[in-house]
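*Asks:* Assemble the whole structure, with the sequences as input and the hints as a guide.
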Amino acid sequence: MNPNMKRLRRSMMFLNCQKPGLIKDPYVYAPDSIMLDLEDAVAEKEKDAARYSLYHALQEIDYRGVERVVRINGLDTDLWIEDIRCSVAGGCDSIRIPKTETAADVKKVEAAVAAAEKEFGVEEGRTLIMAALESARGVMNAFEICQSSPRLFGIALSGGDYTKDLQTTISGTGVELMGARQHMIIAARAAGVQCFDTVYTNLNDMEGFRKDVETIHTMGFDGKSIINPRQIPIVHEIYTPKPKDIIFAEKVVHEIDTKKAQGIGVFTVDGKMIDIAFYDGAKRTLALAKASGVYKGDL
Amino acid sequence: MRNAVGREIPDEILKATGKEPFQGNNYKNGVPFRRQGPIIRPVMDNQHSKLVKDIHEALVKCRAHSGMTISFHHHFREGDLIVNMVMEEIHKMGLKNITLAATSLGKAHDPLVPMIEDGTITRIEASGVRGKIGQAISDGKLKGLAIMRSHGGRVRSLVTGETKVDIAFIGAPTSDDYGNLRGIGGKTNCGVLSYSHVDGDCAEYVVAITDCLVPFPNFPAHISMTKVDYVCVVDAIGIPEKIATGAAKPTTDQRKLMMAEYCTQVVVNTPYFKDGFSYQTGVGGASIASTISLTKIMEERGIKMGFGVGGLTKPMCDLLDRGMVRVLMDTQAFDLDAVSNVINPAHHRITAGAYANPFNKGAFVNKLDYVILASLEVDVHFNCNVVVGSDGVITGAQGGHPDTAQGAKCTIVICPLLQGRIPAICSEVTTVTTPGESVDIVVTDYGVAVNPNRHDLLECLRKADCVPLKTIEELRDIAYSIVGEPEPVQFEDRIVGIIEARDGTIMDVVRQVKKYD
Amino acid sequence: MEIKKPAVAGTLESSDCMVTVEPGQGQVDLDLDSAVIRQYGKQIRKVIRETLDRLDVSNAKVTVVDKGALDCTIKARVECAVYRSNDIKDNLPWGGVIK
Numbered sequence: 180m181n182p183n184m185k186r187l188r189r190s191m192m193f194l195n196c197q198k199p200g201l202i203k204d205p206y207v208y209a210p211d212s213i214m215l216d217l218e219d220a221v222a223e224k225e226k227d228a229a230r231y232s233l234y235h236a237l238q239e240i241d242y243r244g245v246e247r248v249v250r251i252n253g254l255d256t257d258l259w260i261e262d263i264r265c266s267v268a269g270g271c272d273s274i275r276i277p278k279t280e281t282a283a284d285v286k287k288v289e290a291a292v293a294a295a296e297k298e299f300g301v302e303e304g305r306t307l308i309m310a311a312l313e314s315a316r317g318v319m320n321a322f323e324i325c326q327s328s329p330r331l332f333g334i335a336l337s338g339g340d341y342t343k344d345l346q347t348t349i350s351g352t353g354v355e356l357m358g359a360r361q362h363m364i365i366a367a368r369a370a371g372v373q374c375f376d377t378v379y380t381n382l383n384d385m386e387g388f389r390k391d392v393e394t395i396h397t398m399g400f401d402g403k404s405i406i407n408p409r410q411i412p413i414v415h416e417i418y419t420p421k422p423k424d425i426i427f428a429e430k431v432v433h434e435i436d437t438k439k440a441q442g443i444g445v446f447t448v449d450g451k452m453i454d455i456a457f458y459d460g461a462k463r464t465l466a467l468a469k470a471s472g473v474y475k476g477d478l
Numbered sequence: 065m066r067n068a069v070g071r072e073i074p075d076e077i078l079k080a081t082g083k084e085p086f087q088g089n090n091y092k093n094g095v096p097f098r099r100q101g102p103i104i105r106p107v108m109d110n111q112h113s114k115l116v117k118d119i120h121e122a123l124v125k126c127r128a129h130s131g132m133t134i135s136f137h138h139h140f141r142e143g144d145l146i147v148n149m150v151m152e153e154i155h156k157m158g159l160k161n162i163t164l165a166a167t168s169l170g171k172a173h174d175p176l177v178p179m180i181e182d183g184t185i186t187r188i189e190a191s192g193v194r195g196k197i198g199q200a201i202s203d204g205k206l207k208g209l210a211i212m213r214s215h216g217g218r219v220r221s222l223v224t225g226e227t228k229v230d231i232a233f234i235g236a237p238t239s240d241d242y243g244n245l246r247g248i249g250g251k252t253n254c255g256v257l258s259y260s261h262v263d264g265d266c267a268e269y270v271v272a273i274t275d276c277l278v279p280f281p282n283f284p285a286h287i288s289m290t291k292v293d294y295v296c297v298v299d300a301i302g303i304p305e306k307i308a309t310g311a312a313k314p315t316t317d318q319r320k321l322m323m324a325e326y327c328t329q330v331v332v333n334t335p336y337f338k339d340g341f342s343y344q345t346g347v348g349g350a351s352i353a354s355t356i357s358l359t360k361i362m363e364e365r366g367i368k369m370g371f372g373v374g375g376l377t378k379p380m381c382d383l384l385d386r387g388m389v390r391v392l393m394d395t396q397a398f399d400l401d402a403v404s405n406v407i408n409p410a411h412h413r414i415t416a417g418a419y420a421n422p423f424n425k426g427a428f429v430n431k432l433d434y435v436i437l438a439s440l441e442v443d444v445h446f447n448c449n450v451v452v453g454s455d456g457v458i459t460g461a462q463g464g465h466p467d468t469a470q471g472a473k474c475t476i477v478i479c480p481l482l483q484g485r486i487p488a489i490c491s492e493v494t495t496v497t498t499p500g501e502s503v504d505i506v507v508t509d510y511g512v513a514v515n516p517n518r519h520d521l522l523e524c525l526r527k528a529d530c531v532p533l534k535t536i537e538e539l540r541d542i543a544y545s546i547v548g549e550p551e552p553v554q555f556e557d558r559i560v561g562i563i564e565a566r567d568g569t570i571m572d573v574v575r576q577v578k579k580y581d
Numbered sequence: 202m203e204i205k206k207p208a209v210a211g212t213l214e215s216s217d218c219m220v221t222v223e224p225g226q227g228q229v230d231l232d233l234d235s236a237v238i239r240q241y242g243k244q245i246r247k248v249i250r251e252t253l254d255r256l257d258v259s260n261a262k263v264t265v266v267d268k269g270a271l272d273c274t275i276k277a278r279v280e281c282a283v284y285r286s287n288d289i290k291d292n293l294p295w296g297g298v299i300k
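Residue numbers (the numbering used here), protein chains in the order written: chain A, 180 to 478; chain B, 65 to 581; chain C, 202 to 300.
A hint or two may mislead.
[Stated by the list, open to error] Pairs of lysine to aspartate or glutamate, EDC-like flavour, derived with a Cα cap of 20 Å:
#, chain 1, residue 1, chain 2, residue 2
1, A, 226, C, 251
2, B, 360, A, 416
3, C, 290, A, 298
4, A, 198, C, 214
[Unchecked claim] Beyond 12 Å from chain B on every Cβ pair, some chain A residues (computed):
#, residue
5, 182
6, 238
7, 282
8, 297
9, 345
10, 348
11, 368
12, 408
13, 409
[Unchecked claim] A short, non-exhaustive set of chain A residues, derived as facing chain B with CB atoms under 8 Å:
#, residue
14, 204
15, 207
16, 208
Since the hints were derived computationally from the structure, they do not count as laboratory data.
Yeah, the Cβ is synthetic: ideal placement off N, Cα and C, and Gly gets one too.
*Replies:* What follows is the structure, encoded as structure tokens:
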């Protein structure tokens, strides 16, 4: 399996490929991923220009370990195949498919990606895929989309188009997104892939943003799409395990390891009943804590 | 001869100026000198009127002549009308070879360029020069030398008599007919008159120019009638909206917020951060954001500031209003909130001399714990350049940079690693204004570097694990790896200006830029 | 490649550059205006020349107004202008003459 399938993706920041000032050093903000956009952010007459910028940025800018996802143009345009050729040749890490509706959409992209890898001598399977769901139909098909390709690492909700399709608007309360969020996270977990939430566009309401991230964090989402670097520290703060959770997770892992050796299956840690079912969760907490720089242990 | 920051200072310039090369920060510490006093013309006759009808009359009465030195303050900043008004009159009178000894010159003074070209102005002494005058000097249009000196260094040059001012023009928001001047009130409120104090003390003639004549006595006076020869009333001395900007909105630029956060972490994790600490900061987005985030930590830990000093802004004044700082010592009001805050009894006006003059018996800057500064360039020796652009053209001012940097126990310079394609952290600054020995910590968006001389601070920050620490060389290497190593800028041989150190020695020279082809 | 008609790429925003290509008079005439010409003029000229050489452009009037763009942006804008002058948008030689 491509080791990037399960990488940490708390914050995925959109950047307009057509703006050299934006793509030259976004890594200073330390997002987990950047999403270099060829789609909505790029004006129709600059679609070609954005690709040259993208190609050279991918080739020449050292993004210092930040994942480089490219959002290609929709499958209903005549742009997406050249977008994929350019991205794969440049050596991007992943392709984000906009407006995904069916598993067949993913398969179309998968074939184009595989062809581009072959054409440009890129290691087969290097380029991953994520699917953005932007319609009621796409959300309804979430589970089949999640299972559509071994390259697909996750799905993301795109709230703007989705709410239009529902014939409503973004209210700021999250009510209109509840169904999609719930459905998508369940589908993603059932298929064993990651799940990402939509952007929060009101940059003047950082408290609203914080609440939104707290909600999707509690729901189980792996991360959030970001439109401004100012949003990154808030996401990372919320996704960083709290000291008490880290201490508890450490105890759980330690106790399960020792008790297993002694043949004991169920026991208590800090007054809580613990068994093997807690093991993976505790391991995940420690891994996240390590990635967030707040855990230096070796469990 | 090579000076203490490794800059070659040609003998010809040492000879021409009678100056020594810079030999380190404390070279003149304790070295006695005699303070020079001005010639004074006593006013005993109670029928004597100080009022003159216009600038022309003032110039005539003050025996204006070719070759004289005249001085101005820059409290009206980009809204200043005084310098141009006086220079136009001098130009009309056909006087030549004038030395313009302003505290600072900016874009407001672009109209003086033709007077530089025609020989009306042949020498400039100022903290620095922005705008077209800077370009003109760098192009070699000024016949004599431009001397750039810090706010403290300027006071030194006047009290030692090195700079002899023939006529000082002091723009005053309010004055009475006997020359009691105040920085507040009137139409062009600037809050303080700190920079002009020394001109009042040292100039042979002192002319107050106001657009708001008030009944005698205008008291308490910031500059006393006992020092003023003439009072001239004009229609307007400044453009109020360009004097002080509205309070800058807290920045939303994440890069600046990151640097502000690093800066705050540096402050709170170094040993001077304790109750009663002292602090100076600037007007940049990151500086202001850092003051705001520092305030939060002061509240959490119950730490109050002893004093804040320098040019002031709203966040500093907010600290005073909330009882988080005991006193503010004000030399310049940067925004309208700071101007109006001077009515707070704990908001004190101080002179530029008390603030930063290295040649008095101890200035405020010497008592600073922290100063937060900016810089155009910082090199791997921690030398800073705040006057000359990376393209070799004079474009900024020393201000209080070298004064506070030397004075403070912990000097922090904030600058983004790259300004467009220009690397701010480089192998050699274009021109040295503040020596590396004064600079302790450099904060960039790519990490924080500590001067190796301050291993005590480095150890504190390492232990606290609060900021991404890098060496200054690492920062330079990162910058060069992104933008490429810049070609050295080509200069002509001719020296057009000198960067004077606080103590009057020569820190660096500025040469005429070569035409690029 | 031939420059078939005038074409422009890029903007005058900071960190960008605007490249205009026009049919030439037998050779490459390069007119460069840059905010950082004193520090990076040689490097910028070199990047433009090398990019044109890769694209096999030998007859063009090229005007570049640079606002502190990195080399990767300068290349991208030059290539874009040249391909636009030929109305080519698809099936580009990524990793070939574009590199």
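*Asks:* The structure should be examined with respect to each hint, and the outcome stated for every one.
*Replies:* Status of the hints after comparison with the structure:
{"no.": "1", "hint": "226(A) / 251(C)", "verdict": "violated (24 Å)"}
{"no.": "2", "hint": "360(B) / 416(A)", "verdict": "holds (18 Å)"}
{"no.": "3", "hint": "290(C) / 298(A)", "verdict": "holds (18 Å)"}
{"no.": "4", "hint": "198(A) / 214(C)", "verdict": "holds (9 Å)"}
{"no.": "5", "hint": "182", "verdict": "holds (26 Å)"}
{"no.": "6", "hint": "238", "verdict": "holds (14 Å)"}
{"no.": "7", "hint": "282", "verdict": "holds (38 Å)"}
{"no.": "8", "hint": "297", "verdict": "holds (33 Å)"}
{"no.": "9", "hint": "345", "verdict": "holds (31 Å)"}
{"no.": "10", "hint": "348", "verdict": "holds (25 Å)"}
{"no.": "11", "hint": "368", "verdict": "holds (32 Å)"}
{"no.": "12", "hint": "408", "verdict": "violated (4 Å)"}
{"no.": "13", "hint": "409", "verdict": "violated (5 Å)"}
{"no.": "14", "hint": "204", "verdict": "holds (7 Å)"}
{"no.": "15", "hint": "207", "verdict": "holds (5 Å)"}
{"no.": "16", "hint": "208", "verdict": "holds (6 Å)"}
Against the hints set out earlier in the document, violations occur for numbers 1, 12, 13.
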